[in-house]
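Here the protein sequences come in this chain order: A and B. Under my numbering, the residues of the first sequence are numbered 690 to 886, in order. Under my numbering, the residues of the second sequence are numbered 266 to 606, in order.
Hints may contain errors.
Stated by the list, open to error - A few chain A residues that face chain B, going by a derived Cβ cut-off under 8 Å, partial list only:
#1 Y725
#2 S755
#3 G812
Hint data in this document are derived by calculation from the structure and do not stem from the laboratory. Glycine included, every Cβ here is placed at the ideal spot set by N, Cα and C.
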Amino acid sequence: MAEERIIIAGFGGQGIMFMGKLLCYAGMMEDRHVTYMPSYGAEVRGGTAYCNVIISSEEIPSPVVSDPTAAIIMNMPSLAKFEAAVVKKGLMVVNSSLVTRAAKRKDIELIPVPATSIADRLGNTRVANMVALGGFLAKRAVVDIATVTAAIQEILPASRSHLIEVNRQAIAEGKIYVEAHSSAAIWSKLTRGFGFA
Amino acid sequence: MTHKLILQGNDAVALGAVKAGLRFFAGYPITPASEILHKLVEFPEVKVLQMEDEIASINACVGASLAGAKAMTATSGPGFSLMQEGIGLAHMVEAPLVVVNVQRVGPSTGMPTFGSQGDLLQCRYGSHGDYFSIVFYPNSVSELYRYTMEAMNAAEESLSPVILLSDGIIGHLSETAELEDVTIKERSLKPLGHGNRHFTSLTHTGSYPKATAPSAHQELIAGLAKKTADVARRYVRYEYLPVKGSHTLLIAFGAVSRAAYHFKDHFSIFRPVRIFPMIEDLKEIARRYKTVIVMEMNAGQYTLLVEALLHRPVGFIPLLGGAINLEYIKERIKKCLSGTT
């Protein structure tokens, strides 16, 4: 993979910036070139927030992403804002717990993940971001999941260290969900069911 | 010494300043520049004051500088407007200091969290009277670190306020950076309290006010012009990426120049880092090209000055409202080349 240009979008408070920073930090740990650029309004919570992350094997020209190869969409307004921007055959991971309308694009790979519901089941609705990230990484292994979980420890402040475990768990759950629901997995289940394998 | 890490642009400015020997910082928080103030608080060797506003901040810096401290302040457009009078004062009393302006969309409150390049002419002509600020405008986190040091060096050498321009994009950008140190310059002039010095913002000869003598003022301005030009000559900083067969030269700086790199296989690129005084070499370089195009995040500020420098019309791509869209740039380049703008 030469370059992955990712937009992560949702509302303030969903941990959008944390997802971006985490991906970026993990990329650096794997010796890649990375850029992370936040974009938000004047509010800390609420309002639309998104960030641009680029992970590349080469030096990155512009950190501003206008043609993302992948998007992680955490709420409804973000779907409207970024659906059209994703490149053809690009990936869009959608938090299907909050995004209730179907995407219009048919020329991209759409992965719905009920991130908020899974996070609630884990006992912390705020790790929905990590569930979605796990789902994204299941599809695009831009960095190793082990690196990402190691990076959590590096960038979470010490006062939040008790949250490391639930964040790791959330990433794992997101990955498991996507792998279990991908067409290949369903196909293999089906064929097993028919006794082919 | 270099080492690789991931760093935010604003933090890199703070680290560069500390490395260059910063001892005094006065400022007022403002998006998107606040992180510079926040980061500096971590360094006990720097006296950090949060003032009541930007006017107080720049004046505190002038005072600290005259007392011998390496001083800096950081702000964004609205604060930079308030600092203009203080910048003129610093030129008049020859107080070395660095003013960092992390530009956001203006005028007025504008779009606080969105980057812009709307303060270029203000850097050059914002205060009243004649003065000649040296201005640097880097385009990456590594460069922000390096040019903060260079700006502090140039300030100390020229005994004048030097402007370090940044923008909401590179200021808030985190990326892998390599921090390279430069040799730190010290001031030759003794601070207040040593020897006999008198500072006045009136026109003066030496330390003596000469507020009614035109010849004294002519000498003063000629002196300021020569002094900053001499120091600027030691900082001829630009990037020129020629491409064979291209008849077009793209000029860009700061965040926009990063987008320009996307076109480097098709068009030659000129990126001034010391954007003022303007790089003289551009005259010679531009002669080799049929078309010169400036792209910038404002309504044509640097374009105006490039036209004046080159004595020829140049194409212009405005990127307003904080947006840098590659498709749009591509379209506009095409239009410039077909002569429809």
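Each hint tested on the structure:
For the restraint placing Y725 (chain A) at the interface with chain B, the shortest Cβ-Cβ distance is roughly 4 Å, inside the 8 Å limit, so the hint holds. Restraint check, S755 (chain A) versus chain B: the minimum CB separation of about 5 Å is within 8 Å; hint holds. A cut of 8 Å between beta carbons decides the hint on G812 (chain A): the least distance to chain B is about 31 Å, and the hint is violated.
Of the numbered hints given earlier, the model fails hint 3 alone.
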